[in-house]
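Chemist: The lines below spell out each chain.
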Amino acid sequence: MSGALLELTDVARTFDVSPPWLDRVLERKPRALLKAVDGVSFTIARGETLGLVGESGCGKSTVARLIVGLHLPTRGTIRFDGVVLAGDGAADGASQRAARRAMQMIFQDPYASFNPRWRVADIVAEPIRARAPDTRAGAIAARVDELLAQVGLTALDGAKYPHQFSGGQRQRISIARALSTHPRFLVCDEPTSALDVSVQAQVLNLMRDLQRRLELAYLFISHNLAVVHHVADRVGVMYLGRIVEIAPTRRLFGAPQHPYTRMLLASVPDLAMSGKARTAVGGEVPNPLDPPSGCAFHPRCPHANDRCRREVPLSVAVDGGGFVACHAVAECRLPPAAALAAQNDGE
Amino acid sequence: MNGPLLAVENLSVEFPTRQGTLRAVHEISFEIGEGEVLGVVGESGAGKSLTGAAVIGLVDPPGRIGGGEVRLAGRRIDNLRYEAMRRIRGREIGAVFQDPLTSLNPLYTIGRQLVETIRTHLPLSAVEARARAIELLEEVGISAAERRIDHYPHQFSGGMRQRVVIALAIAASPKLIIADEPTTALDVSIQAQIIQLLKRLCRDHGTAVMLVTHDMGVIAETADRVAVMYAGRIVEIGPVADVIHRPAHPYTVGLMGSIPSIAVESERLAQIEGSMPRLDSVPGGCSYHPRCNRAIGRCARERPELEAVGATRAACWVAGGTRR
Chain A
1 MSGALLELTD
11 VARTFDVSPP
21 WLDRVLERKP
31 RALLKAVDGV
41 SFTIARGETL
51 GLVGESGCGK
61 STVARLIVGL
71 HLPTRGTIRF
81 DGVVLAGDGA
91 ADGASQRAAR
101 RAMQMIFQDP
111 YASFNPRWRV
121 ADIVAEPIRA
131 RAPDTRAGAI
141 AARVDELLAQ
151 VGLTALDGAK
161 YPHQFSGGQR
171 QRISIARALS
181 THPRFLVCDE
191 PTSALDVSVQ
201 AQVLNLMRDL
211 QRRLELAYLF
221 ISHNLAVVHH
231 VADRVGVMYL
241 GRIVEIAPTR
251 RLFGAPQHPY
261 TRMLLASVPD
271 LAMSGKARTA
281 VGGEVPNPLD
291 PPSGCAFHPR
301 CPHANDRCRR
311 EVPLSVAVDG
321 GGFVACHAVA
331 ECRLPPAAAL
341 AAQNDGE
Chain B
1001 MNGPLLAVEN
1011 LSVEFPTRQG
1021 TLRAVHEISF
1031 EIGEGEVLGV
1041 VGESGAGKSL
1051 TGAAVIGLVD
1061 PPGRIGGGEV
1071 RLAGRRIDNL
1081 RYEAMRRIRG
1091 REIGAVFQDP
1101 LTSLNPLYTI
1111 GRQLVETIRT
1121 HLPLSAVEAR
1131 ARAIELLEEV
1141 GISAAERRID
1151 HYPHQFSGGM
1161 RQRVVIALAI
1171 AASPKLIIAD
1181 EPTTALDVSI
1191 QAQIIQLLKR
1201 LCRDHGTAVM
1211 LVTHDMGVIA
1221 ETADRVAVMY
1231 AGRIVEIGPV
1241 ADVIHRPAHP
1251 YTVGLMGSIP
1261 SIAVESERLA
1271 QIEGSMPRLD
1281 SVPGGCSYHP
1291 RCNRAIGRCA
1301 RERPELEAVG
1311 ATRAACWVAG
1321 GTRR
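Here the protein sequences come in this chain order: A and B.
The numbering of the first sequence is our numbering, which starts it at 1 and goes up by one.
The numbering of the second sequence is our numbering, which starts it at 1001 and goes up by one.
With the rest of the complex left out, here is chain A (with noise of 0.2 angstroms):
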């Protein structure tokens, strides 16, 4: 897609977690790689949301550090609003440094990204100060002013602590401090997931307004699938860090193709109370230091056969949008997701 904000191209990171040196000649043991990220790619257009959901461990988190350069992608690139920021023809360091600016993040724990000694209007100013130091000091008292009343909170709460607000305010004032350098895409990893549900509401409520009135893109991750479904255009499914299946929100909630995505829809506590039998896959995520050879989700899938077990399967594009990577489904081995449904309902 040539109007793609944010694309990734078979982005990989590995990790060395081998034991130290002396242990691993004392005790002859290999290294060993940890591959969190490997092979993701997918674009972000301008003003939409793709929604990032798995389990912990599968590599979500990995993702966004790799986006906003905390950490730096060991194979595989990162294009950003044309810029290259990562992998082959890299742009020197000021242009990225330029394109980052319309670049931000939000943690799950905004209480921990914040320095409990500075007052909110500074911790909302930082950025606009380390951007443009030359500004005046009104014009940066004006602007924080109006961030933190684009968030619901007032002028006044610049003159506070964190530790004098809620989880759900801290979380505000969090995206007002994201939103200070006019950005045009937020990274946002786990962002309501610390807060109760009433709060959560209004904070979703508060992104989709911003998202409305800057058209503002988001990476949306979360374990959460009600959420993502909530707030996401797209949502992408990762697993053991792979993304398994990428596709529009009604589509992979309506007709969900990998037997993961499946597993995990079906395993979402059923608010409706359809009375339909949960369908609880057994199996744990294995270790990512040892993952299963072939399709990593083979051990807990119901369809598995020796294909799975040997090769991994590539993304191939399906019917009503989005790719999956399943040899199952591109055998059409599967039973149709409405089947499916049928089939559990029944039990």
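Hints should not be assumed to be uniformly reliable.
Below, simulated SDA-like cross-link-like pairs (lysine to any residue); rule was C-alpha separation at most 25 angstroms, straight line [unchecked claim]: (1) B:Lys1199 with A:Lys160; (2) B:Lys1175 with B:Pro1123; (3) A:Lys35 with B:Gly1158; (4) A:Lys160 with B:Val1282; (5) B:Lys1199 with B:Ala1241; (6) A:Lys160 with B:Glu1273; (7) A:Lys160 with A:Ala194; (8) A:Lys160 with B:Pro1123.
Treat the hints as calculated values from the structure; they're not laboratory data.
Start from chain A and add chain B according to the hints.
Modeler: Frame of chain A, contents of chain B only:
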């Protein structure tokens, strides 16, 4: 035996501070029948965990039970001495907490911890207790139990640790289990497994469960009845289907509307303005009135009691469209 398994009457939990005594739980009453699962929901600070802790006698000092009674199978247990309460904990009331790693001793194998618990409550020899421990581990779905019994907690994954904690809780076949956010720290696929396990154990053993959680989805799947707490009080209690689909109290209505659902597509979520009041500044009258979109003058002056509204009981002056 007639009557409920657990009866809580006018229970209060308070914390003495220099600024005066703060009440975190206000004169709440509820009952749990044999084999029944009562869900207790509410947001952080609503007092739901403290209620569970008070039932099992584990309110941390300086917090204390400030009034009311807790009766287990007709016998009063809130005023028991430490040693007597210790015999009830584990034997008659089991507990499962949120973080399984802090419930297990990292220095002992899980087998040693299981055997210790079993022998504390049941007259078994060490060999018999070990056999019982292996049985328990198999029952909670740990494969190769004979080998894994000699492993340490850090060798288990989060979901497996929670299974071990559940095995500990059911070791002496208690009649009641207090489960405080048992699935909150787990991934969704593991959460589904643990919920299924809890449901199966309750059915097989006839164990009653007080399930404390903030996750309405978990309640919907597991509980028979649900109590909704706000600022230390139960604002609504009733059968789970009625509370979820036909809530009477405006807070329950708001809470339900603010939960995103996969079944429904909505542009905006219903939102409740503001946040739960702090303990030292709980408003008078109905403590929810400053955030309530249906509040009338009376709400600020008088506190409503729980009364039947439709199929549930709600503490609200305007619920059900009738101005009482």
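Chemist: Next step is simple, just say for each hint if it's right about the structure.
Modeler: Structure-based check of each hint:
| no. | hint | result |
| --- | --- | --- |
| 1 | B:Lys1199 with A:Lys160 | violated (47 angstroms) |
| 2 | B:Lys1175 with B:Pro1123 | holds (18 angstroms) |
| 3 | A:Lys35 with B:Gly1158 | holds (21 angstroms) |
| 4 | A:Lys160 with B:Val1282 | holds (22 angstroms) |
| 5 | B:Lys1199 with B:Ala1241 | holds (17 angstroms) |
| 6 | A:Lys160 with B:Glu1273 | holds (21 angstroms) |
| 7 | A:Lys160 with A:Ala194 | holds (22 angstroms) |
| 8 | A:Lys160 with B:Pro1123 | violated (60 angstroms) |
In terms of the numbered hints stated before, the structure departs from hints 1 and 8, listed from lowest to highest.
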